[in-house]
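K.L.:
Sequence:
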Amino acid sequence: MRASNGDKIFYITNYLVLALIACSSLFPLLHLIALSISSSSAIETGKVNLWPVDFTWDTFNVLIEGTPLVRSFSNSALITFVGVALCMLTTIMAAYPLSRPNFYARRFFTLSMIFTMIFTGGIIPTFLVIQSLGLVNSYWALWLPGLVSTYNMLLLRTYFENIPSEIDDAARMDGCSEVRLLLQVVLPISMPVLATLTLFYGVAYWNIFMSMLIYINDTDKHNLTVLVQQMIQSQNVLQQTMMVQPDDQVHVVEEGIKAAGVIVMITPMLIVYPFLQKYFVKGVMLGSVKG
75 MRASNGDKIF YITNYLVLAL IACSSLFPLL HLIALSISSS SAIETGKVNL WPVDFTWDTF
135 NVLIEGTPLV RSFSNSALIT FVGVALCMLT TIMAAYPLSR PNFYARRFFT LSMIFTMIFT
195 GGIIPTFLVI QSLGLVNSYW ALWLPGLVST YNMLLLRTYF ENIPSEIDDA ARMDGCSEVR
255 LLLQVVLPIS MPVLATLTLF YGVAYWNIFM SMLIYINDTD KHNLTVLVQQ MIQSQNVLQQ
315 TMMVQPDDQV HVVEEGIKAA GVIVMITPML IVYPFLQKYF VKGVMLGSVK G
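Offset between the sequence shown (1-based) and this note's numbering: plus 74.
It is possible that some hints are incorrect.
[Said to hold, decoys possible] DSBU-like mimics (lysine-lysine), calculated; alpha carbons at most 30 Å apart, straight line:
| id | residue 1 | residue 2 |
| --- | --- | --- |
| 1 | K82 | K352 |
| 2 | K332 | K295 |
| 3 | K295 | K121 |
The hints are simulated quantities; they were obtained by calculation from the structure and are not laboratory data. These numbers come from a predicted model, not from an experiment.
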């Protein structure tokens with residue numbers, strides 16, 4: 075059907091608005107990238123906008139030499155990898171039985187988990203529980219409290235419920251046990267929503283901040299997010315960073331160090347997201363709509 079003039083105006087307006095929103099999101103990132111790989115003289119004279127000027131890796135070299143960047147990056151990777159693995163395991167173990175229509179008291183357990191979404195214990199009671207368990211200064215203090223996200227569990231449960239029952243019946247007629255049905259039938263055809271939840275949990279653990287400050291006192295265990303926050307807010311950290319330079323001829327400025335730290339922090343998620351993006355919309359939509 076041919077679009078009317080009103081429809082054309084509507085589409086053009088939508089494209090313009092979306093383009094403005096995309097640019098407003100993209101420009102700050104381009105500016106940070108340009109700052110991180112531009113020379114200090116260009117940054118100090120205000121020549122750097124969206125494109126790098128006098129390209130150099132000096133800022134990253136100073137950042138690596140002058141800060142515990144490698145250690146913080148390793149801590150973030152460990153926290154994210156173990157946290158995502160534990161969360162995916164427990165979320166699947168919670169969502170699958172609650173998606174089975176013959177599971178006893180599944181409504182009660184579902185409502186009990188939804189209750190925790192609305193009413194939480196708060197920071198102080200949670201801290202007291204973590205402290206009484208002796209988990210302060212342990213990464214388990216980060217992993218255990220958020221082991222199952224109720225929202226993600228409901229998303230996965232709804233996805234499992236939308237799988238045609240004929241598939242389950244055919245597998246059971248072939249002698250499939252419940253565990254084998256989950257591992258060899260249900261999970262392989264649930265890759266979109268599993269990839270989406272992996273992304274959700276991965277981003278959450280990679281950017282974890284408040285819990286790290288509350289429960290982890292040992293600075294050697296701090297992650298990349300805390301390091302970047304200290305670089306942005308603490309002048310002492312920046313000054314110590316700039317004092318440790320691999321070459322006496324190298325000169326870096328605070329803005330370049332801050333930008334390089336932010337770029338290092340967001341790069342892993344920027345690399346991972348394109349590989350999961352194709353599952354993202356499909357996983358969320360199929361998991362959120364009851365068929």
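K.L.:
Is the hinted pair K332 and K295 satisfied, with a Cα-Cα distance of at most 30 Å?
P.N.:
With Cα atoms ~21 Å apart, K332 and K295 stay inside 30 Å; holds.
K.L.:
Within 30 Å, alpha carbon to alpha carbon, are K295 and K121?
P.N.:
Violated, at roughly 38 Å.
K.L.:
Are K82 and K352 close enough, with their CA atoms no more than 30 Å apart?
P.N.:
Given pair K82, K352 holds - Cα atoms ~29 Å apart, limit 30 Å.
Checked against the numbered hints above, the structure violates only hint 3.
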